[in-house]
Amino acid sequence: GENVEQHPSTLSVQEGDSAVIKCTYSDSASNYFPWYKQELGKRPQLIIDIRSNVGEKKDQRIAVTLNKTAKHFSLHITETQPEDSAVYFCAASRRSSASKIIFGSGTRLSIRP
Amino acid sequence: GAVVSQHPSWVICKSGTSVKIECRSLDFQATTMFWYRQFPKQSLMLMATSNEGSKATYEQGVEKDKFLINHASLTLSTLTVTSAHPEDSSFYICSASYSGSIDTQYFGPGTRLTVL
Chain R
2 GENVEQHPST LSVQEGDSAV IKCTYSDSAS NYFPWYKQEL GKRPQLIIDI
52 RSNVGEKKDQ RIAVTLNKTA KHFSLHITET QPEDSAVYFC AASRRSSASK
102 IIFGSGTRLS IRP
Chain P
49 GAVVSQHPSW VICKSGTSVK IECRSLDFQA TTMFWYRQFP KQSLMLMATS
99 NEGSKATYEQ GVEKDKFLIN HASLTLSTLT VTSAHPEDSS FYICSASYSG
149 SIDTQYFGPG TRLTVL
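Taken in sequence, the protein lines are chains R and P.
Residue 83 in our numbering sits at position 82 of the first sequence, with consecutive numbering throughout.
Residue 101 in our numbering sits at position 53 of the second sequence, with consecutive numbering throughout.
If you're looking for bench data, these hints aren't it; they were derived computationally from the structure.
Honestly, I wouldn't trust all of these hints.
[Stated by the list, open to error] Label-pair distances were calculated between CB atoms; the ranges are: (1) His133/P - Gln46/R: 30 to 36 Å; (2) Ser147/P - Val55/R: 20 to 26 Å; (3) Gly101/P - Pro9/R: 40 to 46 Å; (4) Pro114/R - Gly101/P: 50 to 56 Å; (5) Phe87/P - Glu6/R: 15 to 21 Å; (6) Asp60/R - Asp113/P: 39 to 45 Å; (7) Ser53/R - Ser147/P: 39 to 45 Å; (8) Ala50/P - Lys59/R: 20 to 26 Å; (9) Leu164/P - Leu41/R: 19 to 25 Å; (10) Lys114/P - Pro114/R: 41 to 47 Å; (11) Lys114/P - Leu41/R: 26 to 32 Å; (12) Ile63/R - Asn118/P: 36 to 42 Å; (13) Pro114/R - Ile60/P: 34 to 40 Å; (14) Gly109/P - Ala30/R: 20 to 26 Å.
Cβ coordinates follow ideal geometry from the N, Cα and C atoms, glycine included.
The shape of chain R in the complex, shown without the other chains (with noise of 0.2 Å):
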C-alpha cells in the first residue's frame, strides 16, 4: 500500500541554522505534497505544499523541493527561530478533494536557543 518515510524522526539545531527534513513516498501516482507543523494538542497546521509540476516552491523561510523521478520530497527551514520548534509532517496524496493524505512518521524539531 501507500506509504511515506520521514526522516530524522528528532532534530535539534542551533537558532538560525537551517533543518532540513526528508521524505520518500511509494505511490507513483501521489503528486500534492504537504507539509504540516503541529504543536502539543493542536491540528495539524499546514505550512506549505507542492505539486507534481513544480520541482521548488519558497515561502519566506521556509521551501520545499520534490524530485518526482526519486520519489523524494524536503523541507527546508532557515534562519531557525524557537517557534519553530514543533512536530513537522510530510504527507503525500493523489490531487482530488475525495483523495485521502498518506502521512509521514513526523519530526519533532527542536531550536537550541
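Model the placement of chain P on the given structure of chain R, informed by the hints.
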C-alpha cells in the same frame, strides 16, 4: 474561511461505554470527511473516509463495527466509539474537503478521548 470544528474537545468515559464525536464544517459544504487517530508521539493514522450520504470507507485494520461513522449531511460527520476500552484512548482528528478545494483538507481541532 474553511473552518472545521469538533465537539467535544475532550472526553473522559468509563470502559464499556460509547462516545460520539462530532465534526462540523462551519462555512462550507464538505463533500468528503476524514477521520484520523493519533496516539502520543505518533503520526496521524487515517481511520476512514466518508462521503455525504454513503457508507464510510474504512482503512485496513480499523473495525467498522467499533468505530461507527455517519456522514448524514454536507456539514456534519460523527464518529462513535462503541464499547470503548482504555486502548481506544487517543487524539481523534477529523478533516474535511470540498470539490473546490481539490486537494486541501481542513482539519478540526481534535478530540482527546480518555477511557478509564
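How the hints compare with the structure:
Taking 30 to 36 Å as the suggested C-beta distance range, the pair His133/P and Gln46/R conforms, at roughly 31 Å. Judged by the Cβ atoms, the range 20 to 26 Å given for Ser147/P and Val55/R holds: they are separated by roughly 23 Å. For the pair Gly101/P and Pro9/R, the beta carbons lie near 43 Å from each other, so the given range of 40 to 46 Å is met. In this structure the supplied range 50 to 56 Å holds for Pro114/R paired with Gly101/P, their Cβ-Cβ distance being about 53 Å.
The hinted window of 15 to 21 Å between Phe87/P and Glu6/R holds, with their beta carbons roughly 19 Å apart. Between Asp60/R and Asp113/P the Cβ separation comes to about 44 Å, which falls inside the hinted range of 39 to 45 Å. A C-beta distance of roughly 20 Å is found between Ser53/R and Ser147/P, which places it outside the suggested range of 39 to 45 Å. Between Ala50/P and Lys59/R the beta carbons are some 24 Å apart, a value that agrees with the proposed interval 20 to 26 Å.
Range check, Leu164/P to Leu41/R: Cβ separation about 22 Å, and the 19 to 25 Å hint holds. About 46 Å separates the C-beta atoms of Lys114/P and Pro114/R, a value consistent with the hinted range of 41 to 47 Å. Between Lys114/P and Leu41/R the Cβ separation comes to about 27 Å, which falls inside the hinted range of 26 to 32 Å. Take Ile63/R and Asn118/P: their Cβ atoms lie about 38 Å apart, and the range 36 to 42 Å holds.
A hinted range of 34 to 40 Å holds for the C-beta pair Pro114/R and Ile60/P, which are about 37 Å apart. In this structure, Gly109/P and Ala30/R meet the distance hint of 20 to 26 Å, their C-beta atoms being roughly 22 Å apart.
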